[in-house]
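S.K.: Sequence:
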Amino acid sequence: MDEMVQFCQAWAKARGYAVCKLNSSLGKNVYIRCDRSGDYCGLGTNPSGRQTALIKINCPFLVYGSTSTSEKVTNKSWRMQVRCVDHNHKASPSPASHAAHRVLIPAQIEEIQRLWKSNLRPAQILLQLQTSDPNILATNKTILNALQKIRHEDLAGRSPIKVMMTILKETNWASEVKVDQEGVIENIFFAHPGSIHLAHINHHVALLDATYKTNQYQIPLPHIIGQTSTN
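Just so you know, the sequence shown maps onto residues 21 to 251 in the working numbering.
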């Protein structure tokens, strides 16, 4: 079944389309449709609350694949039947327009994770992947989605705050947390041991930058920078 689906995907990709499995019965049959099949529902809303445009426009393209279920047949092969060859939309100018062609393979996801832990930015990670495989169709959004999934898996069911406190403890960073009566965090302070040592030596000038609001709670993240005698 998988080989037939891959064949249909390659055929569609070369012609400006993409397909997906509609439904299937393992070892029996499978329906393959255009990725723009399904009812048009206008704008949708993703989990973050942002509105997104849906690509479903009821495209009728349909392929049916089946194989024998008889136990007497030992060398089973799949037969493909094109039940509707027409699309109700034009071909895409680039295969990258379809999410199905931007899917990353496991080896690429592992590479993304490795590069991310080496502190590379998403654009740099994408460039590395394109250097390794010029045919890759991933975009910056593809990399961002992969990183989001990796970070979610790294949480292992824990909250981001708990993970951060665990990391601070494991890496011997100094930290202090203040919570209210309900256990809600009000303040968090953390500093690298080396920075604390330098602050004891050079404690005359300190710069406080509180312009950052890069967290999901939109609260200030003051950054304290000390200044040595040699600037």
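Derived by calculation from the structure, the hints in this document are not laboratory data. A couple of the hints might just be wrong.
Said to hold, decoys possible - SDA-like cross-link-like pairs, simulated, lysine to any residue; straight-line CA separation at most 20 Å:
id, residue 1, residue 2
1, K137, N207
2, K182, N207
3, K76, N43
4, K33, A120
5, K33, K137
6, K110, V183
This structure is a prediction, so every number in the text was calculated from the model and none was measured.
S.K.: Next, verify each hint and record whether it holds.
M.R.: Verification of the hints:
no., hint, verdict
1, K137 x N207, "violated, 27 Å"
2, K182 x N207, "holds, 14 Å"
3, K76 x N43, "holds, 17 Å"
4, K33 x A120, "holds, 9 Å"
5, K33 x K137, "violated, 33 Å"
6, K110 x V183, "violated, 47 Å"
Hints 1, 5 and 6 from the list above are not met by this structure, while the remaining hints are.
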